[in-house]
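Here the structure of chain D is known, so what remains is to put chain F in place on it, guided by the hints.
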Amino acid sequence: MSKNHEFYWRRLHSLLGVIPVGLFLVFHLSLNFTATGGEDTYNNSVGMMDLVPHWLLLIVEWIVIYIPILFHGLYGLYIAFTATPNVKRFGTFRNWMFVLQRFTGVFLVIFIAWHIFQTRIQKALGAEVEFDMMAEIVSNPAMLAFYIVGILSATFHLANGLWSFLVSWGITQSASAQKVATYVTMIFFVLLSIVGIAAILAFV
Amino acid sequence: MTTPVETGRTVKMEILRQDTEGGATRWEKFEVPYRPGMNVISALMAIQQNPVTSDGKNTSPVTWDMNCLEEVCGACSMVINGRPRQSCSTLIDQLEQPIRLEPMKTFPVVRDLQVDRSRMFNALKKVKAWVPIDGSYDLGEGPRMPERKRQWAYELSKCMTCGVCMEACPNVSEGASFIGPAPLSQVRLFNTHPTGAMNKDERLAEIMGDGGLANCGNSQNCVAACPKGIPLTTSIAALNRETTVQMFRNFFGSDHMVD
Numbered sequence: 001m002s003k004n005h006e007f008y009w010r011r012l013h014s015l016l017g018v019i020p021v022g023l024f025l026v027f028h029l030s031l032n033f034t035a036t037g038g039e040d041t042y043n044n045s046v047g048m049m050d051l052v053p054h055w056l057l058l059i060v061e062w063i064v065i066y067i068p069i070l071f072h073g074l075y076g077l078y079i080a081f082t083a084t085p086n087v088k089r090f091g092t093f094r095n096w097m098f099v100l101q102r103f104t105g106v107f108l109v110i111f112i113a114w115h116i117f118q119t120r121i122q123k124a125l126g127a128e129v130e131f132d133m134m135a136e137i138v139s140n141p142a143m144l145a146f147y148i149v150g151i152l153s154a155t156f157h158l159a160n161g162l163w164s165f166l167v168s169w170g171i172t173q174s175a176s177a178q179k180v181a182t183y184v185t186m187i188f189f190v191l192l193s194i195v196g197i198a199a200i201l202a203f204v
Numbered sequence: 001m002t003t004p005v006e007t008g009r010t011v012k013m014e015i016l017r018q019d020t021e022g023g024a025t026r027w028e029k030f031e032v033p034y035r036p037g038m039n040v041i042s043a044l045m046a047i048q049q050n051p052v053t054s055d056g057k058n059t060s061p062v063t064w065d066m067n068c069l070e071e072v073c074g075a076c077s078m079v080i081n082g083r084p085r086q087s088c089s090t091l092i093d094q095l096e097q098p099i100r101l102e103p104m105k106t107f108p109v110v111r112d113l114q115v116d117r118s119r120m121f122n123a124l125k126k127v128k129a130w131v132p133i134d135g136s137y138d139l140g141e142g143p144r145m146p147e148r149k150r151q152w153a154y155e156l157s158k159c160m161t162c163g164v165c166m167e168a169c170p171n172v173s174e175g176a177s178f179i180g181p182a183p184l185s186q187v188r189l190f191n192t193h194p195t196g197a198m199n200k201d202e203r204l205a206e207i208m209g210d211g212g213l214a215n216c217g218n219s220q221n222c223v224a225a226c227p228k229g230i231p232l233t234t235s236i237a238a239l240n241r242e243t244t245v246q247m248f249r250n251f252f253g254s255d256h257m258v259d
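Going down the list, the protein sequences come from chains D and F.
The opening residue of the first sequence carries number 1 in the UniProt record's numbering; numbering runs sequentially from there.
The opening residue of the second sequence carries number 1 in the UniProt record's numbering; numbering runs sequentially from there.
Treat the hints as calculated values from the structure; they're not laboratory data.
All residues carry an ideal CB built from backbone N, CA and C; glycine is no exception.
Certain hints may be false.
Going by beta-carbon spacing under 10 Å, a handful of chain D positions derived as facing chain F [as the list claims (entries may be wrong)]:
id	residue
1	Pro85
2	Ser139
3	Val167
4	Ser174
Not close to chain D: a few residues of chain F, all C-beta gaps over 12 Å, as computed [unchecked claim]:
id	residue
5	Thr7
6	Ser60
7	Cys169
8	Ser173
9	Ala238
10	Arg241
Just chain D, with the same shape it has in the complex:
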């Protein structure tokens, strides 16, 4: 990191978490939610991706997903491991959220790496991304549990990250504004989690 640019790196980290990574998560879980309509509905929705020319899809994937998520994940690891959690001494709600944000973040690096290996890399190696691929993965109960924890970590990390995004960019300033933002983002967490969990259970 070049000298005196930390402020901009941290702001970029905050921004990328919402746009595009956060938006992508909402889109991704929504698309998966079509699985609740049955195997064919899901295969049709996923099949839409094939209508995009392969080279264009690759460019979009790298710019909108891989590069932002790699930066957000790796820089996030640096942020998480330079903190000294102290919830034992300060057991406040916000301090717990602080720790959970870092804990879910570190877990998500592992989960997403595994998830990409199991799906996108397999696709690159010739596998077909369709209903049966996911159904086979979650037929293993341990894998299903791993995915559920992964989805909940992601929805929490996004919802609580939105809360800190609002603070970090100076949108919510007063204690009362920040409290309202807590309620709104936690409702968002619950709703998005319902979408995500319903989607993964549709493959069981």
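What follows is chain F alone, placed relative to chain D:
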């Protein structure tokens, strides 16, 4: 000296001792005679008069910092039963025993409970936490400050650089470069002052550097721990907005330096 009231009761204390900077630490137990209205400092003074541990071993008197004894100087902060606070205003009657005393380890420990808070004073210098009024001629009166703003700013000015918010913050440590909540709030105070605001951009530029404002992780421990009730997290969020605007100014170019 007045004769101490004999109450027959004692106060049990456990103190984290450290003889040299960076040296080994050890816990020592003490039992001192109880007097009504005691604070942590008077208990420490009792140990100083008779530096013997509760198992009868002679030891060195405990070292700590103190000055005003009325919670305005910030020198006597230490971790008391897990919470950083001032030892002068912490009363023995309100504490669970044994009372555990530790130094604020987020700072370099000089000896026992005495820490070196230099990083806070250096941070205040860095962010120019003052109102520059010197000129080669009489600059005259500055702009007036609205009374309601003055009353509000007074709350921020209560900061005594005690270091409690720094100890409470999970992102402030000897290994991390984060400037910490107290100096940030001072940037807001001096940027609010009508004369101080004339150098607003210089202070913002300092906290937009390495280890600056963006290193805040929003755990909000600072505001929960501040003995003066300073709205530190509101100050940080307000500065976040200021720096967002400043960032766009810097990036897209502007000939407005101050406003």
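Hint by hint, here is what the structure shows:
Interface hint at Pro85/D: satisfied, since its Cβ lies 6 Å from the closest Cβ of chain F, which is below the 10 Å cut-off. The beta carbon of Ser139/D comes no nearer than 40 Å to any beta carbon in chain F, farther than 10 Å, and the hint placing it at the interface is violated. Annotation: interface hint on Val167/D holds; nearest CB of chain F at approximately 5 Å, less than 10 Å. With its C-beta approaching chain F no nearer than about 6 Å, Ser174/D sits inside the 10 Å limit, and its interface hint holds.
Separation of Thr7/F from chain D is adequate, the least Cβ-Cβ distance of about 31 Å exceeding the 12 Å criterion. Distance check on Ser60/F: its Cβ is at least 28 Å (rounded) from any Cβ of chain D, clearing the 12 Å threshold; non-interface status holds. Its beta-carbon lying about 9 Å from the closest one in chain D, Cys169/F breaks the requirement of being farther than 12 Å from that chain. With a least beta-carbon separation of about 5 Å from chain D, Ser173/F fails to lie farther than 12 Å from that chain, contradicting its non-interface assignment.
In this structure Ala238/F is not separated from chain D by more than 12 Å, as the shortest Cβ-Cβ distance comes to only about 5 Å. Residue-level check failed: Arg241/F sits 3 Å from the nearest beta carbon of chain D, not beyond 12 Å.
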